[in-house]
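Q: Sequence:
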Amino acid sequence: MSDAIDTKTPSVARMYDWLLGGVDNYPSDREACQELLEIAPSSKALALNNRAFLRRVVRVLAQQYKIRQFLDHGSGLPTQDNVHQVAQQVDPQARVVYIDNDPIVLAHGRSRLDQNDRVAILKADMRDTKKIFQHPAVVDLIHKDEPTAALFVSVAHCLKDEEVVPMLSAVKDRLAPGSLFVICQLVSDRADVRDRVTALMDRATHGTWGRVRETREVRAYFDALGLKIIDPGLCDVTDWRPDTDLVPRQKEDDWVEWGGVGELLSP
1 MSDAIDTKTP SVARMYDWLL GGVDNYPSDR EACQELLEIA PSSKALALNN RAFLRRVVRV
61 LAQQYKIRQF LDHGSGLPTQ DNVHQVAQQV DPQARVVYID NDPIVLAHGR SRLDQNDRVA
121 ILKADMRDTK KIFQHPAVVD LIHKDEPTAA LFVSVAHCLK DEEVVPMLSA VKDRLAPGSL
181 FVICQLVSDR ADVRDRVTAL MDRATHGTWG RVRETREVRA YFDALGLKII DPGLCDVTDW
241 RPDTDLVPRQ KEDDWVEWGG VGELLSP
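Residues 1 to 267 in full-length UniProt numbering are what the sequence shown lists, from first letter to last.
No wet-lab data here; the hints were simulated from the structure. Some hints could be false.
[Unchecked claim] Here are the computed lysine to aspartate or glutamate pairs in the DMTMM-like style, where the Cα-Cα straight-line distance is at most 25 Å:
1. K44 - D202
2. K131 - E263
3. K44 - E162
4. K160 - D117
5. K172 - D202
6. K172 - E146
7. K144 - D128
8. K66 - E263
9. K44 - E263
10. K66 - D173
11. K228 - E217
[Stated by the list, open to error] Across the chosen pairs, the derived CB separations fall in these ranges:
12. P136 - D231: 33 to 43 Å
13. E263 - R30: 34 to 44 Å
14. K131 - P267: 35 to 45 Å
15. P177 - R216: 26 to 36 Å
16. P232 - P177: 16 to 26 Å
17. G21 - Q134: 15 to 25 Å
Ideal Cβ placement from N, Cα and C applies to all residues, glycine included.
Could you put the whole structure together from the sequences, leaning on the hints where they help?
A: So, in structure tokens, the structure goes:
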């Protein structure tokens with residue numbers, strides 16, 4: 001796969017970066033975001049709340065569940081308080097592998113994320129589980145007999161319906177009991193929002209996107225894997241163990257990031 005950066009085609013990672021107030025994006029990304037905001041005006045607040053959830057859930061898993069190794073699938077562009085920074089604040093020995101196939105993510109990630117020998121970023125499609133687990137960085141950092149946090153934060157909507165559960169199941173088969181899956185994606189109760197956003201992103205990314213779904217479909221991921229959902233259950237991620245009331249409020253009822261955390265039990 002070429003590492004050339006396509007600046008003409010919007011990138012999900014760069015669009016997310018723009019919504020978070022970042023600068024690692026191009027006119028094509030900003031134009032797509034403006035179209036997105038016309039359909040779902042709460043998208044900026046949603047992005048900020050989703051990033052806060054990622055920081056919060058990593059901290060909870062490191063502090064309360066003693067997780068010391070993290071696989072961040074579809075990690076996106078680096079920003080403040082990345083997964084390894086949060087986890088290593090709890091335990092400096094925590095190990096993190098970031099996985100992405102976007103050239104700009106890799107370019108920025110290697111300079112901003114690869115900060116010590118307990119952090120790695122690898123170029124891989126998150127659906128290629130076999131390649132990921134055979135990669136030397138994963139072999140070295142992710143110990144197969146220890147519980148792992150497998151992060152799938154705001155990525156399932158980038159995949160086709162038939163791809164999501166097989167990917168999650170392939171990861172499950174390689175993790176130890178006690179591992180935790182963090183799964184959330186964009187959902188909406190409004191069919192017009194689901195259809196219009198899906199059409200926009202499919203067109204903007206030239207068909208490399210999935211679908212805005214309904215909450216019942218995200219719940220089905222956890223059911224398919226047989227995961228034990230931990231408190232507070234599946235919800236708008238803004239409401240997952242909030243640690244502050246000072247969050248951007250989504251004033252419209254267009255869409256939310258919805259999901260939670262499930263524990264992999266012993267067979």
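Q: Hint check: K172 vs E146, CA-CA at most 25 Å. Holds or violated?
A: Since the Cα atoms of K172 and E146 sit roughly 13 Å apart, the hinted pair holds (cutoff 25 Å).
Q: Is the Cα-Cα distance between K66 and E263 25 Å or less?
A: 13 Å, holds
Q: Below or equal to 25 Å on CA atoms is what counts here, so check K228 against E217.
A: 17 Å, holds
Q: Are P177 and R216 spaced within 26 to 36 Å by their CB atoms?
A: Taking Cβ atoms as reference, P177 and R216 lie about 27 Å apart, which means the hint holds.
Q: Can the restraint linking K131 and E263 be considered satisfied, given a maximum Cα separation of 25 Å?
A: 24 Å, holds
Q: CB of E263 to CB of R30, is that within 34 to 44 Å?
A: Holds, at about 39 Å.
Q: Given the proposed pairing of K144 with D128, does the C-alpha separation stay at or below 25 Å?
A: 18 Å, holds
Q: Do the alpha carbons of K160 and D117 lie within 25 Å of each other, as the hint requires?
A: 35 Å, violated
Q: Kindly confirm whether 16 to 26 Å is satisfied by the beta carbon distance between P232 and P177.
A: 23 Å, holds
Q: Between the alpha carbons of K44 and D202, is the straight-line distance 25 Å or under?
A: 20 Å, holds
Q: Has the given pair, K66 with D173, been kept, meaning a C-alpha gap of at most 25 Å?
A: Satisfied, since the Cα-Cα distance of roughly 21 Å is no more than 25 Å.
Q: Against the 25 Å threshold, does the CA-CA distance of K172 and D202 hold or violate the hint?
A: 28 Å, violated
Taken one by one, the earlier hints fail for this structure at numbers 3, 4, 5, 9, 14, 17, listed in ascending order.
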